[in-house]
Amino acid sequence: METEEILVAPGGELVEIVEVPQGAEAVGMPQLDFSTYPNQIFWLIVALVAIYLILSRVALPRIGAVLAERQGSITNDIASAEELKLKAHQSEAAYDKALADARAEAGRIVAENKAEMQAQIQAAMERADADIAEQSAESEARINEIRAGAMDAVQEVARDTAIAIVAAFGGRDDTAQVHAAVDDRLKGAER
Amino acid sequence: MADVVAIGEEHAAGGLNIHPMDQFIIYPLFGDGGVGMFTVTNATLWMAIIVLCVVLLLITGMRGRNVVPSRAQSIAELAYGFVYKMIEDVSGKEGLRYFPYIMTLFMFITLANFLALIPASFSVTAHIAVTAVLALAVFVTVTVLGFVKNGASFLGLFWVSSAPLVLRPILAVIELISYFVRPVSHSIRLAGNIMAGHAVLKVFAGFAGALGLFAFIPVLAITAIYALEVLVAFIQAYVFTILTCVYLKDALHPHH
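Heads up: the protein sequence lines correspond to chains L and S, in order. Positions 1 to 191 (the numbering used here) are the ones given, in order, by the first sequence. Positions 1 to 256 (the numbering used here) are the ones given, in order, by the second sequence.
Chain L extracted, bound-state conformation (with noise of 0.2 Å):
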């Protein structure tokens, strides 16, 4: 730095200093001492193009590919969460399904076993019936015996008194008379 020089400051007006005590005192603005200048672009550029090659090459490829790469994971595990949703809504359809399945089964067997128990009983009932009619014909076709045999004691004991009041009267010993007379009567009183 000079040790004596004119210097424009930002305000227009000429400021003359006679003396800068060496060292570092600014008069004016630094930033207008164009002295500097080539030196301030020379390095700029140089630092420029440093950051300029730093991150071309190596910095944003490898950001853009973390970057990517996390992007990439977040949409997998996004993904992988859409398809498991997907199949946890497919098993409680399967479930579902299953169970309305079960439901139906159970029903089925339900209604089959009453078909079954109402066939069974209804069979049972019918037995039952044509055992109870079979046992009352057969009474009724005793009593019709013991009936008949009834009668025909009632005609032997007719007859028997028949011949002997005939007898007893002194009448003539005329059996088959007799025996007509008594059925004849008989029959009339069956009528």
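The hints are simulated quantities; they were obtained by calculation from the structure and are not laboratory data. Hints should not be assumed to be uniformly reliable.
List of simulated lysine to any residue pairs, SDA-like, C-alpha gap at most 25 Å [what the hints assert, rightly or not]:
1. S:Lys149 <-> S:Gly92
2. S:Lys93 <-> L:Thr75
3. S:Lys93 <-> L:Ile74
4. S:Lys202 <-> S:Leu220
5. S:Lys249 <-> L:Thr75
6. S:Lys93 <-> L:Arg62
7. S:Lys85 <-> L:Ala164
8. S:Lys93 <-> L:Leu60
9. S:Lys85 <-> L:Arg185
10. S:Lys249 <-> L:Leu60
Fit chain S to the given chain L structure using the hints.
Just chain S now, with coordinates in the frame of chain L:
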């Protein structure tokens, strides 16, 4: 600017001894010679630190390449995603081809701004030479790109076809001027913000030295301004980057 005059007066009176612009002086790190083109200066040192920080953050920080990121990796991914999304939103999908270029600008400016907030550090982006080169690089790139991609129809950027025909030539002149003012505003906005903030911090620090017991007042002020400067450091980097994206969009799609 008024500071400079005021301080000159104070200096003459022998009162306050504040040199808010000293922090911006560029000096050789080795030896006492002048500042030549290839001299290693404090600016060189801090630019090297910026490059180092880029390596530490974006390469060393990403070393794990974890799917679940570590802290440093989160910051690196945040920076990447921030700029990537900005380009996508502002410039469209085609703009993503220039992602490394814009990321370079963003990382350089952000780190320069934040490193400059370390006490006794040097603010690279407070120098108009630096920001002018950054802005001109954007301007030249975008203009060349506009003509390469669109040919002569890139000039349609200046011909506002939605305006009435009578107004179009006037608007074309205005658009043309505003187009060429872009690099100027682009660079001075950044350098001016950073320089002003740091100069104010130094001025208040000077007050603290002079006030004795009442030094706590400027110290509190410095604390507040420092917080503001942290905000400005990021916002200016963001503004520079997003404007780059806007200019890039104009180059890719010149029609309004």
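Status of the hints after comparison with the structure:
Restraint check for S:Lys149 and S:Gly92: the C-alpha separation of about 15 Å stays at or below 25 Å, so the hint holds. With a C-alpha separation of about 22 Å, the suggested pair S:Lys93 and L:Thr75 falls inside the 25 Å cut-off, and the hint holds. Between S:Lys93 and L:Ile74 the CA atoms are separated by roughly 23 Å; this keeps the pair inside 25 Å, and the hint holds. For the hint linking S:Lys202 to S:Leu220, the alpha-carbon distance of about 13 Å falls within 25 Å, and the restraint holds.
Taken as a hint, the S:Lys249 and L:Thr75 pair is broken in the structure, with Cα atoms around 31 Å apart against an allowance of 25 Å. Between the alpha carbons of S:Lys93 and L:Arg62 the distance comes to roughly 20 Å, so the proposed pair stays at or under 25 Å and holds. About 148 Å separates the Cα atoms of S:Lys85 and L:Ala164, which puts this hinted pair outside 25 Å; it is violated. Restraint check for S:Lys93 and L:Leu60: the C-alpha separation of about 17 Å stays at or below 25 Å, so the hint holds.
Proposed proximity of S:Lys85 and L:Arg185 is contradicted: the alpha carbons are some 137 Å apart, above 25 Å. For a cut-off of 25 Å, the pair hint linking S:Lys249 to L:Leu60 stands: about 22 Å separates their Cα positions.
In this structure, the hints that do not hold are numbers 5, 7 and 9, in rising order.
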